[in-house]
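Protein chains: 2
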Amino acid sequence: MRIAIDAMGGDHAPEQIVKGALDAAAAWTDVKLLLVGDQARIEACMQGAKPGNVELVHASDVISPDDEPVKAVRRKKDSSMVVAGRLVREGEAEAMISAGNTGALMTTGLLVVGRIDGIERPALAPMLPTMDDVGVLALDLGANMDSKPEHLVQYAIMGSIYRTRVHGLERPRVGLLNVGTEAMKGNELTKAAFGLLENAPVEFIGNVEARDVLSRNCDVLVCDGFAGNIMLKAMEGTAITLMREIKNAMTSSWISKLAALTVRPRLKAMAAKMDYKEHGAGPLLGVSGLVLKCHGSSNDQAVKNAIGKARVAVQNRLVESIATEFSRK
Amino acid sequence: MRIAIDAMGGDHAPEQIVKGALDAAAAWTDVKLLLVGDQARIEACMQGAKPGNVELVHASDVISPDDEPVKAVRRKKDSSMVVAGRLVREGEAEAMISAGNTGALMTTGLLVVGRIDGIERPALAPMLPTMDDVGVLALDLGANMDSKPEHLVQYAIMGSIYRTRVHGLERPRVGLLNVGTEAMKGNELTKAAFGLLENAPVEFIGNVEARDVLSRNCDVLVCDGFAGNIMLKAMEGTAITLMREIKNAMTSSWISKLAALTVRPRLKAMAAKMDYKEHGAGPLLGVSGLVLKCHGSSNDQAVKNAIGKARVAVQNRLVESIATEFSRK
Numbered sequence: 001m002r003i004a005i006d007a008m009g010g011d012h013a014p015e016q017i018v019k020g021a022l023d024a025a026a027a028w029t030d031v032k033l034l035l036v037g038d039q040a041r042i043e044a045c046m047q048g049a050k051p052g053n054v055e056l057v058h059a060s061d062v063i064s065p066d067d068e069p070v071k072a073v074r075r076k077k078d079s080s081m082v083v084a085g086r087l088v089r090e091g092e093a094e095a096m097i098s099a100g101n102t103g104a105l106m107t108t109g110l111l112v113v114g115r116i117d118g119i120e121r122p123a124l125a126p127m128l129p130t131m132d133d134v135g136v137l138a139l140d141l142g143a144n145m146d147s148k149p150e151h152l153v154q155y156a157i158m159g160s161i162y163r164t165r166v167h168g169l170e171r172p173r174v175g176l177l178n179v180g181t182e183a184m185k186g187n188e189l190t191k192a193a194f195g196l197l198e199n200a201p202v203e204f205i206g207n208v209e210a211r212d213v214l215s216r217n218c219d220v221l222v223c224d225g226f227a228g229n230i231m232l233k234a235m236e237g238t239a240i241t242l243m244r245e246i247k248n249a250m251t252s253s254w255i256s257k258l259a260a261l262t263v264r265p266r267l268k269a270m271a272a273k274m275d276y277k278e279h280g281a282g283p284l285l286g287v288s289g290l291v292l293k294c295h296g297s298s299n300d301q302a303v304k305n306a307i308g309k310a311r312v313a314v315q316n317r318l319v320e321s322i323a324t325e326f327s328r329k
Numbered sequence: 001m002r003i004a005i006d007a008m009g010g011d012h013a014p015e016q017i018v019k020g021a022l023d024a025a026a027a028w029t030d031v032k033l034l035l036v037g038d039q040a041r042i043e044a045c046m047q048g049a050k051p052g053n054v055e056l057v058h059a060s061d062v063i064s065p066d067d068e069p070v071k072a073v074r075r076k077k078d079s080s081m082v083v084a085g086r087l088v089r090e091g092e093a094e095a096m097i098s099a100g101n102t103g104a105l106m107t108t109g110l111l112v113v114g115r116i117d118g119i120e121r122p123a124l125a126p127m128l129p130t131m132d133d134v135g136v137l138a139l140d141l142g143a144n145m146d147s148k149p150e151h152l153v154q155y156a157i158m159g160s161i162y163r164t165r166v167h168g169l170e171r172p173r174v175g176l177l178n179v180g181t182e183a184m185k186g187n188e189l190t191k192a193a194f195g196l197l198e199n200a201p202v203e204f205i206g207n208v209e210a211r212d213v214l215s216r217n218c219d220v221l222v223c224d225g226f227a228g229n230i231m232l233k234a235m236e237g238t239a240i241t242l243m244r245e246i247k248n249a250m251t252s253s254w255i256s257k258l259a260a261l262t263v264r265p266r267l268k269a270m271a272a273k274m275d276y277k278e279h280g281a282g283p284l285l286g287v288s289g290l291v292l293k294c295h296g297s298s299n300d301q302a303v304k305n306a307i308g309k310a311r312v313a314v315q316n317r318l319v320e321s322i323a324t325e326f327s328r329k
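Chains as they are written, first to last, in the working numbering: chain A, 1 to 329; chain B, 1 to 329.
Keep in mind the hints are simulated off the structure, nothing from the lab.
There could be a bad hint or two in this list.
Note that identical chains are pooled: a pair holds if it fits in a single copy or bridges any two copies.
What the hints assert, rightly or not - Cut-off 20 Å, straight-line C-alpha distance, at most; resulting in silico cross-link-like pairs (PhoX-like, lysine-lysine):
#, residue 1, residue 2
1, K50, K19
2, K32, K309
3, K77, K191
4, K191, K148
5, K71, K185
6, K257, K309
7, K19, K32
8, K32, K50
9, K71, K268
10, K76, K32
11, K268, K148
12, K19, K309
13, K50, K268
14, K273, K191
15, K247, K268
16, K185, K32
17, K247, K273
Please read these numbers as outputs of a predicted model, since none were measured by experiment.
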């Protein structure tokens, strides 16, 4: 299996990206890694290492975080991200991974890699944190701001296949993000989607509320990109604000300062859990090849983890499963 | 000025409602209070008190929390809530207050009290908590699940007038709830609303994000009822979950237990601040009379506060100001 890595995307590219890729190449010898980017800079990062399962693919250009996504993908045809996408489209790689510009990566998925037949809108599907550390796959969380009921059904099906193929869940519970749990709650979009989801080939458990996501009220959370993003940022903002307040409260007396020492590791773990930046990463589902977004701040460990995740998804034929499901329609 | 009180609505009705009303009647002798509901039960709660500025209006029926709003308002014509609404419509009172069924109260506002000419959708406008305790007026937060761009502009204008008339803010800053602060962010609704808001007679400061509401990023937060509700419940759920985790962390050792004693009051205050139930209350703006929702769990103090708020709004001619603004169009 071949995985293309955008070596130039992300805050710590190319150093941390290359380092993570080398670690992954050593850990999984059944994977061939194609490092895409400025050959000289990548070689410098490799410091003479030449693993047999790592290959360099030169790309002279880079898409920056501030680039306008569609324009960048159209114009920067020799950027590391677009070249990686082309490798997937042309069958030279089964998957691509990038920590670069999220919008540009979604555009690369859509315009370069291409949609799976029958999929109307690919969806970005990160794992949201839950207090039990298991997580909820939420989609769409950023690819499409406006959705139709039929799109939400496609998200539900793709998300379910992902949780089954990649996480081994037998019957992932699908919840529809809504303002109440009763069946007829919500806006026109969710009311129409509810009826369609009841008849979709997924384990639909009904409407779920934003307040219960942290308690893992479902395995696949379906929402339009706008509402999902509002939810995520509200959770993040509340967590950051409360953690700061608590920190202040803990320095209000000598005894609380002393206690802070014992409680701090736990609070820190909670803060990390709620860090949105850590959870903006995930697969772009619905394109005909695996496209995986890493968060921009990814270090070598995060890159290695992403490669491991891509490896499992390719081994378990995620993209083929989605394509088969939609070819039946 | 006359304020009609739905004495039968709320978890602690009629006892706490009547008690709060009697306190208010004593505090503000320029207000005449019309207590609407079961005469015998209200009299029992009054325990022989007969203030000159309190009058009883008998209503034989009650709308319960589980009643389907539209059906209940249409059928229970002699319920305390509907009778209070009728007093406002017929000019027998300038304002009505209820801690009962929120949906039914919105329906009463719409069908019994009636819309202000030119207003398409009345909006529920509670104050959201902020860390500095000042708060943000958010609308719509529940009256309309689907909104058009023009509705959001009307919310902005009504919210601004409320903050000026009731809270004395000279030029309240209006923010549009969105997924990013850049001008062209968002879905079709917010993109269209953005352009309209730039030309509206309000102090529009642009898009604002859910993550910054607790830091009071604006004075009037404009959103459709669906997104607003998702935001509110995400904030609430995160706050409740984190506070519970912190409580657990604080009991993990004897020193942290000791510290908990010193930190607890501050944590409790924070928890109360974030309690959604406390913030589901607010005016229904856009109807031709003041309609004020109290939270269902209101005690006497909350009822008294609501009456005080209604008094200020009536004194400062809130409803007339909104009507004048929209009659110009």
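Verification of the supplied hints:
1. K50 x K19: within (12 Å within a copy, 82 Å between copies)
2. K32 x K309: Close inside one copy (14 Å), not across copies (69 Å); limit 20 Å.
3. K77 x K191: neither (42 Å within a copy, 30 Å between copies)
4. K191 x K148: both (11 Å within a copy, 18 Å between copies)
5. K71 x K185: between (39 Å within a copy, 16 Å between copies)
6. K257 x K309: Neither way: K257 and K309 sit 41 Å apart in one copy and 41 Å across, limit 20 Å.
7. K19 x K32: within (15 Å within a copy, 76 Å between copies)
8. K32 x K50: Close inside one copy (13 Å), not across copies (88 Å); limit 20 Å.
9. K71 x K268: Classified as neither: same-chain Cα gap 40 Å, cross-chain 50 Å, threshold 20 Å.
10. K76 x K32: neither (26 Å within a copy, 72 Å between copies)
11. K268 x K148: Neither way: K268 and K148 sit 39 Å apart in one copy and 42 Å across, limit 20 Å.
12. K19 x K309: within (17 Å within a copy, 62 Å between copies)
13. K50 x K268: neither (38 Å within a copy, 59 Å between copies)
14. K273 x K191: Cα proximity of K273 and K191: none, with 32 Å in one copy and 32 Å across.
15. K247 x K268: Result: close both inside a copy and across copies, 10 Å intra and 15 Å inter.
16. K185 x K32: Neither, since 49 Å and 39 Å both go past 20 Å.
17. K247 x K273: Both: 17 Å inside a copy, 17 Å across copies.
Figure legend: structure checked against the earlier numbered hints; hints not met, in rising order: 3, 6, 9, 10, 11, 13, 14, 16.
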